[in-house]
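Student: Sequence:
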Amino acid sequence: MLSAAWSPAAVALYVVGYIVVLLLSAEALRVARCKSFRWVALRLAMLFTAVLAVVLSAATLHFILTVLSMLEEWGFYFSIYGLTLYVVATNVAAYMASPLLINRSYYARPDVELQRVVDRVAERLGYRRVKAVVVNGPPNAFAYGNLLAGRYVAVTESLKKMLSEEELEAVVGHELGHHINRDLVVMLLLGMLPMLLYYVGRGLVEASLRRSSRRGNPLVAIGLGLLAMAASLVVQTLVLAFSRLREYYADATGARAAGKAAMKSALEKIRKHYFTHYADVERVRQSKIKALFIYAFVGIYAAPLWDELFLTHPPLEKRFTFIDLL
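Number 514 in our numbering belongs to position 324 of the sequence shown; there are no gaps in the numbering.
Calculated directly from the structure, the hints in this document are not laboratory data.
In this text the structure is predicted, and so the values were computed from the model without any measurement.
Keep in mind that a hint or two might mislead.
[Stated by the list, open to error] Calculated cross-link-like contacts (lysine-lysine; reagent style BS3-like; alpha-carbon spacing at most 27 Å):
| # | residue 1 | residue 2 |
| --- | --- | --- |
| 1 | Lys-321 | Lys-350 |
| 2 | Lys-321 | Lys-459 |
| 3 | Lys-350 | Lys-478 |
| 4 | Lys-462 | Lys-351 |
| 5 | Lys-478 | Lys-351 |
Given these sequences and hints, build the entire structure.
Tutor: Here it is as structure tokens:
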């Protein structure tokens with residue numbers, strides 16, 4: 191008997207939940223209008239998105255393992271556990287090494303003036319002290335770090351010179367919002383899910399094609415592999431929806447730290463820069479850590495819901511409207 195995780199009722203719940211998540215990420219502006227429970231609603235939306243991604247991933251893997259055990263395909267069965275260990279190990283290693291790599295790649299250096307701003311905003315938000323560094327690159331800012339290296343807020347030298355003190359406080363507040371919400375760790379964990387599903391699916395398909403002339407029906411394993419890769423795509427859109435929601439939350443934190451006008455003005459100045467500096471646009475697009483940037487989506491509008499599915503950040507116009515509604 192196959193698990194109830196893929197019964198018709200369960201599948202219907204997955205579909206409904208998926209649609210709800212997409213609507214939540216696309217209609218966050220409606221959440222902002224609910225002043226009495228705005229922060230709770232944002233957190234619940236992120237929690238629901240994360241839980242759905244985990245449940246869908248676990249159900250897919252459980253279904254695949256159940257079918258493989260029924261067919262006594264133990265080679266495929268145990269290889270999935272090996273792939274799980276590989277994905278977890280590589281992601282944890284990247285997480286632990288990322289502060290060092292970012293510091294070297296972006297020539298991060300302490301800045302006394304920026305540190306004062308970060309300390310002031312952190313105290314205003316009731317958060318612990320975070321290391322402030324200035325980095326090279328086009329106007330942008332991002333949060334990074336881990337338990338061993340500590341937490342960082344990085345601002346490019348060009349952005350620091352471009353912004354007023356209030357605007358800089360808003361940007362710093364945005365980045366501190368990511369630390370407050372533990373986005374780095376949560377995104378690390380969620381990001382493993384589509385990666386694991388993809389590797390499992392690809393491994394099943396490739397291994398089945400190689401052993402097609404041996405015992406067993408390779409079509410079953412190929413079908414399971416295609417299912418895993420399809421689930422990987424769906425889970426990836428959930429992870430990206432979570433990422434967009436966390437950007438709204440961070441914008442709200444920046445506005446709380448320095449005011450709505452300062453948060454909007456800072457984003458608008460960054461937008462204007464990229465509107466006229468196309469070389470910098472390409473540098474952002476090609477960056478391996480662009481998902482961390484305060485400004486990673488170089489367009490302004492993405493009206494249809496479909497346009498937002500594969501974005502890490504909401505369209506800037508929606509971010510402006512969201513801030514106005516706070």
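Student: Looking back at the hints listed earlier, which ones does the structure fail to meet?
Tutor: none
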